[in-house]
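Mind docking chain B on chain A? Use the hints.
Those sequence lines, one after another, are chains A and B.
Residue numbers for the first sequence follow the numbering used here, beginning at 410 and rising by one.
Residue numbers for the second sequence follow the numbering used here, beginning at 410 and rising by one.
Read the hints as simulated data drawn from the structure, not as lab findings.
When chains are identical, the list treats them as one kind, so a pair holds in a single copy or across two.
Derived EDC-like pairs (lysine to aspartate or glutamate); straight-line CA-CA distance at most 20 Å: (1) K643 x E688; (2) K464 x D733; (3) K441 x E431; (4) K516 x D685; (5) K538 x E528; (6) K643 x E654; (7) K516 x E598; (8) K538 x D517; (9) K643 x D733.
Chain by chain, the residues:
Protein chains: 2
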Amino acid sequence: MSSLKLPESTIPLLTNPTSCREWRQQIRGDHKSVGFVATMGALHAGHLSLVRHSKQANDKTVVSIFVNPAQFAPHEDLSAYPRTIEQDLRGLEEIGGVDAVFLPGVKDMYPFGIVQDVEQQRGTFVEVKGYGSEMEGRSRPSFFRGVATVVTKLFNVVEPTRVYFGQKDIQQALLLRRMCSDLLLSHPEPRNLHIVPTERDRTDNLALSSRNAYLSSEERKVANALYRALSLAKGVWETGLSKSECVARSRGFVESVRDNAGVEMRLDYIELNDSDSLEVVGDDKTKVDYGTRPVLLSGALWVGRTRLIDNLILGDPALLGILDSHVEVKV
Amino acid sequence: MSSLKLPESTIPLLTNPTSCREWRQQIRGDHKSVGFVATMGALHAGHLSLVRHSKQANDKTVVSIFVNPAQFAPHEDLSAYPRTIEQDLRGLEEIGGVDAVFLPGVKDMYPFGIVQDVEQQRGTFVEVKGYGSEMEGRSRPSFFRGVATVVTKLFNVVEPTRVYFGQKDIQQALLLRRMCSDLLLSHPEPRNLHIVPTERDRTDNLALSSRNAYLSSEERKVANALYRALSLAKGVWETGLSKSECVARSRGFVESVRDNAGVEMRLDYIELNDSDSLEVVGDDKTKVDYGTRPVLLSGALWVGRTRLIDNLILGDPALLGILDSHVEVKV
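The shape of chain A in the complex, shown without the other chains (with noise of 0.2 Å):
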């Protein structure tokens, strides 16, 4: 950010570590408790729940924002992700302020720069073994070592007590969580890294994304498609039918309505997921196999120009963490 003209906002900006750091720093001597969330800016509904989840827990509550150039594959979205940074500031302020925005630059981030193509980078990176290739890695190679690499920066930046990450990317969280035990971190420690539920939208449940900015207005009528082939496929699993059962319907569902869709849609994927391994879930296994242990439904959908995600939990989400529930409603 320091290139640009920062923002009006009643909220202090730290726009580089350094500045961060010192903000920490004063917060330590009074042994207060620092709540964080990390975004990507575009902030919506979803991103001021964790917000306020975090407001809720702790003393002082900072957000970061800052697209990641490192979880963009060369031909993804880089350049086009929305950046909204003042209406943001607004959202925030809106919902009562946070204490601090954290807004740093890309050379802030990385001292030596980043380039997207991944043969060509250079320098440190943090990788999640086995949980980064399953599911949303199948289709987005490195996305996770991204991930993993800047909230590593991020962690040790903040110190935070405590962290919210949504459902909507539970791969991530439980990746991250992971990670906070394997690198023996204890800002935040792994029980304080908190999943909250997954923010929808209240007519069709389509889950709330930054992606969805890019939808047009006949895109965006299918775009819960994918929902609706989840919770189609987490009925069928709780009538005790198997794995491939709950797939092949789902995936017959989003065929269905892409074919009267009028606008181009691609399942990239709908699978379930272990939650402890992420391994994927064997075709013939059943709800009798897991009784309440969490199972990941997940799914991605291109609706024209846009991937969307989205997933449901099978068995007890409490066995995950995740704060609280939320309402679904059926197909």
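Below, chain B without anything else, positioned relative to chain A:
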């Protein structure tokens, strides 16, 4: 260590991350500086030199002893690596002690376990791309990933003000300094990663190493051939000849020693690398191309079944922040 009987010592022994954090927390209140020396045990005068540097500059000094499985390849000497904990503590006591020794077990550092086969590894790893693949990384492709990973964990637990690494492992020291910069660490800040000159045998200048214990008496007699070859190459470089000439002559020297040695010797490599990027110096480059800018002259030599490494700095070692110079003798 938790399953082993603890040796007697006047030095406080911290056997897991929790007790180490508690120790660190007490220091924090007093705003005292903490120096840290990470070791795999089998301490020799090289380690003790690091400890002395730390004691000189910090209020408190902590030494870790942990043989890190992740930096050994499956065919390497993990199980044979010398474990001499009682003797290590005596050595530390003899130089006036330290404030704590951190002795974690494998399960403490790798809560989900660790296997040595890289393909089978799961969980979080830290990699310094570019840096870890040159020099030692060519012979030991996942060595530095193991080092960077365990050192990240150790830094997260100890939160040191200053850290000390030996010049003998110059690539490790430079790679970890880059890692501290990249990950925006403040415990330690990158400028507080100090490099201490290599300690050598007073008689024949063999670099001190825990692995020297593997050498038979016949092998020990010719083990300084690498140091002598590097010194020869340094002399050749000073006269203005090209890199390829330096390497060729030092290789020739090792071959001549080998032909008369009566023990098995095999040169792994002798190479010159840029101290900034770690890239290999071009064959036709000379001292004129670098001036005082430091160049790493390093090598690895197998003597019997023991792999020895050593290095010298061409140019000005102070530009690498190496603490003070050491005496070198002529071949």
